[in-house]
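As you go down the protein sequences, you meet chains A and B in turn. Quick note on my numbering: the first sequence kicks off at 1385 and runs consecutively. Quick note on my numbering: the second sequence kicks off at 1385 and runs consecutively.
To be clear, the hints were calculated from the coordinates, so they are not data collected in a lab. Note that CB positions come from ideal geometry on N, CA and C, so glycine has one too. One should not assume that every hint holds.
[Said to hold, decoys possible] Just some of the chain B residues that point at chain A, by a computed CB distance under 10 Å: (1) Val-1393; (2) Pro-1401; (3) Tyr-1404; (4) Thr-1409; (5) Thr-1444; (6) Gly-1449; (7) Ser-1451; (8) Ala-1458; (9) His-1488; (10) Val-1492; (11) Phe-1498.
Protein chains: 2
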Amino acid sequence: MSDHSNAPVAPVEAYEPPYYAAVFTAVRTPAQSGYSETNERMEELVKDIPGYLGMDSAQTPGGLGISVAYFRDADALTQWRTNTEHRAAQERGRAEWYESYTLHVARVERSHGFTRGEVPKSPKTG
Amino acid sequence: MSDHSNAPVAPVEAYEPPYYAAVFTAVRTPAQSGYSETNERMEELVKDIPGYLGMDSAQTPGGLGISVAYFRDADALTQWRTNTEHRAAQERGRAEWYESYTLHVARVERSHGFTRGEVPKSPKTG
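Chain A on its own, in the form it takes in the complex (with noise of 0.2 Å):
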């Protein structure tokens, strides 16, 4: 286990476009045995696909979470979508730990960045 907990929170940032977001808004049930741990190792799964570019996640305490994972490409994307450990989540998923969800795909056409006290550079090629 990595000890990045107390790590300071920032967004992923900008990269340049085109790249891919999959946005994942999802309400969750009571039953919530097993979710972390399957949401942590998707965490650390996703790492390996070639062309991800990172992940932001915020949940309201009994309200709405939304993960937003980047990819450089639509390949990358297909990836992850299809990776069979992947698979086997989204089915636990629907079948215990979601009330509903949305998933959005996207192409981001443009993006920037803010940080406090620094200067605007450009996005991120990576």
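Since chain A is already given, all that's left is putting chain B on it; use the hints.
Quick look at chain B alone, frame taken from chain A:
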């Protein structure tokens, strides 16, 4: 003020592509005077933009906040981006409320939704 605070939370549903998503991820400063009021005002104001489809927001306490606003087309997004009152709010955000943020503007190419106990349905044309 509307009395919707106890309405069940549900993510914005899948619309028929293409449509646009503006993904705003942010970490806030400790200086939050005026933030809530402005945020509520923006959530009302955006509803007047023709082509506005909805917004999802989530905030991890002490962590990242994510808001995703959906629009039917690029024109609607431009109207929102250049709205005078919205621009003033953005300016104040950079001056006071945000430690860092990233904005990703993306064209949704594919989407689907899931609701527990419902038969999958076609995307909303709205």
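The hints, checked one at a time:
1. Val-1393: 5 Å, holds
2. Pro-1401: 9 Å, holds
3. Tyr-1404: Given a least distance of 8 Å, the restraint on Tyr-1404(B) holds.
4. Thr-1409: 4 Å, holds
5. Thr-1444: Check passed: Cβ of Thr-1444(B) comes within 5 Å of chain A, closer than 10 Å.
6. Gly-1449: Cβ of Gly-1449(B) sits 6 Å from chain A, so the hint holds.
7. Ser-1451: 8 Å, holds
8. Ala-1458: Holds: closest Cβ of chain A sits about 8 Å from Ala-1458(B), inside 10 Å.
9. His-1488: Check passed: Cβ of His-1488(B) comes within 5 Å of chain A, closer than 10 Å.
10. Val-1492: 4 Å, holds
11. Phe-1498: Phe-1498(B) check passes; min Cβ-Cβ to chain A is 5 Å, inside 10 Å.
Hint compliance for this structure: every hint is met.
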